[in-house]
Amino acid sequence: MKKIKTIIITLSVIFAVTSLFAFSWPVEDIEASNIQSYFGQRRGNSISTSFIFSDPSHVKAIGDGRLLIYTNDSSDEAFLFPSTLGSSVMIQHSEDLVSVYGNLERTSIKANLDLKNTFTENEEIGTTGNSGYQTKRSTLELQIFDSLKSTSINPKIFMPRTQNEVPYVLSPIVLKNKSGELFEISEPSFKSGTYKIYQRRNSIATPYKSTTTINGVEIDQLSYDKIDEENNRIYISGKKKYLSSDVYPDGNLFLLGEVILTQGKSTLGIQVEDYLGNTKKINYSILVVN
Numbered sequence: 001m002k003k004i005k006t007i008i009i010t011l012s013v014i015f016a017v018t019s020l021f022a023f024s025w026p027v028e029d030i031e032a033s034n035i036q037s038y039f040g041q042r043r044g045n046s047i048s049t050s051f052i053f054s055d056p057s058h059v060k061a062i063g064d065g066r067l068l069i070y071t072n073d074s075s076d077e078a079f080l081f082p083s084t085l086g087s088s089v090m091i092q093h094s095e096d097l098v099s100v101y102g103n104l105e106r107t108s109i110k111a112n113l114d115l116k117n118t119f120t121e122n123e124e125i126g127t128t129g130n131s132g133y134q135t136k137r138s139t140l141e142l143q144i145f146d147s148l149k150s151t152s153i154n155p156k157i158f159m160p161r162t163q164n165e166v167p168y169v170l171s172p173i174v175l176k177n178k179s180g181e182l183f184e185i186s187e188p189s190f191k192s193g194t195y196k197i198y199q200r201r202n203s204i205a206t207p208y209k210s211t212t213t214i215n216g217v218e219i220d221q222l223s224y225d226k227i228d229e230e231n232n233r234i235y236i237s238g239k240k241k242y243l244s245s246d247v248y249p250d251g252n253l254f255l256l257g258e259v260i261l262t263q264g265k266s267t268l269g270i271q272v273e274d275y276l277g278n279t280k281k282i283n284y285s286i287l288v289v290n
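Following the working numbering, the numbering of the sequence shown begins with 1 at its first residue and continues without gaps.
It cannot be assumed that every hint is accurate.
Claimed, not checked - Result set (DSS-like, lysine-lysine): computed pairs, CA atoms no more than 30 Å apart in a straight line:
1. Lys280 to Lys241
2. Lys265 to Lys226
3. Lys209 to Lys191
4. Lys209 to Lys239
5. Lys226 to Lys149
6. Lys239 to Lys60
7. Lys149 to Lys116
8. Lys281 to Lys191
9. Lys281 to Lys176
10. Lys265 to Lys178
11. Lys226 to Lys241
12. Lys226 to Lys191
13. Lys178 to Lys116
14. Lys176 to Lys116
15. Lys280 to Lys191
16. Lys176 to Lys60
17. Lys209 to Lys176
Hints listed in this document are in silico derivations from the structure and should not be mistaken for laboratory results.
With the hints as extra help, turn the sequences into a complete structure.
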């Protein structure tokens, strides 16, 4: 009975925290066709901390808060942002959470914010533009970060769940050894050692979690609920800290995890999970030699 009570208390705490920090979507259209890039996708040679909506729209505050700062695309204060967000608005919420709305249309911001100090949830901020990094089309870049921990948080963690997820494709994997050599999973055998597990990168979606197993035992799990920063370098957390160059070694590959392969026959398992809890799995029988 004590164990059951502990589980109930733990779940209650989780639900309370989730409810406390729940936000609204910043745009009306949250169809999959309106998503240009998920949090954690590749941007240049780094990992994107933005959730990007692709079509023109009115932009609303995701929650109550106070105006922290707003800039236009030529502002001297642009260095405050973790990426080139052009005309942008930053709103301070409770518990050190800050939301950033980037790539806005400059005049729409000024019209709304000249005498503005606070926002209520769903109050209009402005309209999308093409003032920042996404200069080829009108988009909104939404970021949420913890100003105390210097951590970017996946906006989907706080948003109402929607069934309109961009499908994630789990493609055949390749292994990369410490020397940087790539091996197709169809190889007849592999030498024992440490390997990073990659698949072909999806162009829009990223998984919420990717899990790697050997003979059914979890070896590594990467989570895309947040992106941390240390010594001016951002990373994804798994069994260790994976830098941008690990997660995206080029424009084609995406990291799923890392394993140590030992001599003998093994079953290498890969599982990805989306934000609705849907999973996709694939297993490979491999032979490891010395």
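### Query
Out of the numbered hints, which ones does the structure contradict?
Hints 2, 6, 12, 13, 14, 16 are the ones this structure does not satisfy, whereas the remaining hints hold.
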